[in-house]
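Participant: Sequence:
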Amino acid sequence: MAEMFSRGLAAVQAYASADDPQSDIAAKVALVIVSNQPFYPLYLHAIVGTAAWPAWLTLLTAPLFASAPMLARRNPFAGRALMVLTGTVNTVFSVKLFGAQSGVELFLLPCALLGALLFRPAERLMSLPLLGLPFVSYLLIDPRLGEPLMKVADSNFASLVAINATSVGALTALIGILAAARMATQ
0 MAEMFSRGLA
10 AVQAYASADD
20 PQSDIAAKVA
30 LVIVSNQPFY
40 PLYLHAIVGT
50 AAWPAWLTLL
60 TAPLFASAPM
70 LARRNPFAGR
80 ALMVLTGTVN
90 TVFSVKLFGA
100 QSGVELFLLP
110 CALLGALLFR
120 PAERLMSLPL
130 LGLPFVSYLL
140 IDPRLGEPLM
150 KVADSNFASL
160 VAINATSVGA
170 LTALIGILAA
180 ARMATQ
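Sequential numbering from 0 applies to the sequence shown in numbering that gives the first Met the number 0.
The hints are simulated quantities; they were obtained by calculation from the structure and are not laboratory data.
Keep in mind the model is a prediction, meaning the values are calculated, not measured.
We put the CB at the ideal spot given by N, CA and C, even for glycine.
Since no wrong hints were added, every one of them can be taken at face value.
Here are the computed distance ranges between Cβ atoms for each label pair:
| no. | residue 1 | residue 2 | range |
| --- | --- | --- | --- |
| 1 | Leu41 | Met3 | 24 to 32 Å |
| 2 | Leu139 | Asn35 | 22 to 30 Å |
| 3 | Met3 | Ala50 | 33 to 41 Å |
| 4 | Ala9 | Ser154 | 41 to 49 Å |
Model the full structure from these sequences, guided by the hints.
Facilitator: Laid out in structure tokens, this is it:
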């Protein structure tokens, strides 16, 4: 049993690795997101009950996150771009599902961080739209999404903001730790 677990863990680690340092960060972040995505609806159900049914729709982006490591090995720029695009689209979609008052917009911060960290100076011109996408989403798209699908009492929003802020903080810290580790080896 332990040998089977070790082989499975080695396979996941191999899948979440890329030779390119920035792509390696993107691949690892992608798999952390994929592994946590199924728990997010459960957290929301614990907070607001059955009104959290739209949270299951966030799993629609899981295949995109899961494919980022493979794409990053084949085309490093495209794999890294997929991470920023998928994260931003997932966040905007989540704002439509849960509303801005849930604090889910905070996930645009790690999207912007990835847009800044994952691209080399020589790629900067091509990556500027990716860096700007989270900002444009916040300023232009989010206010036009209309009423959220999830309807909850105002008293639940503090808990939703807390769970989202904690998740954003952990994701941002992970990105920072991975980037610092990569910089230390260069």
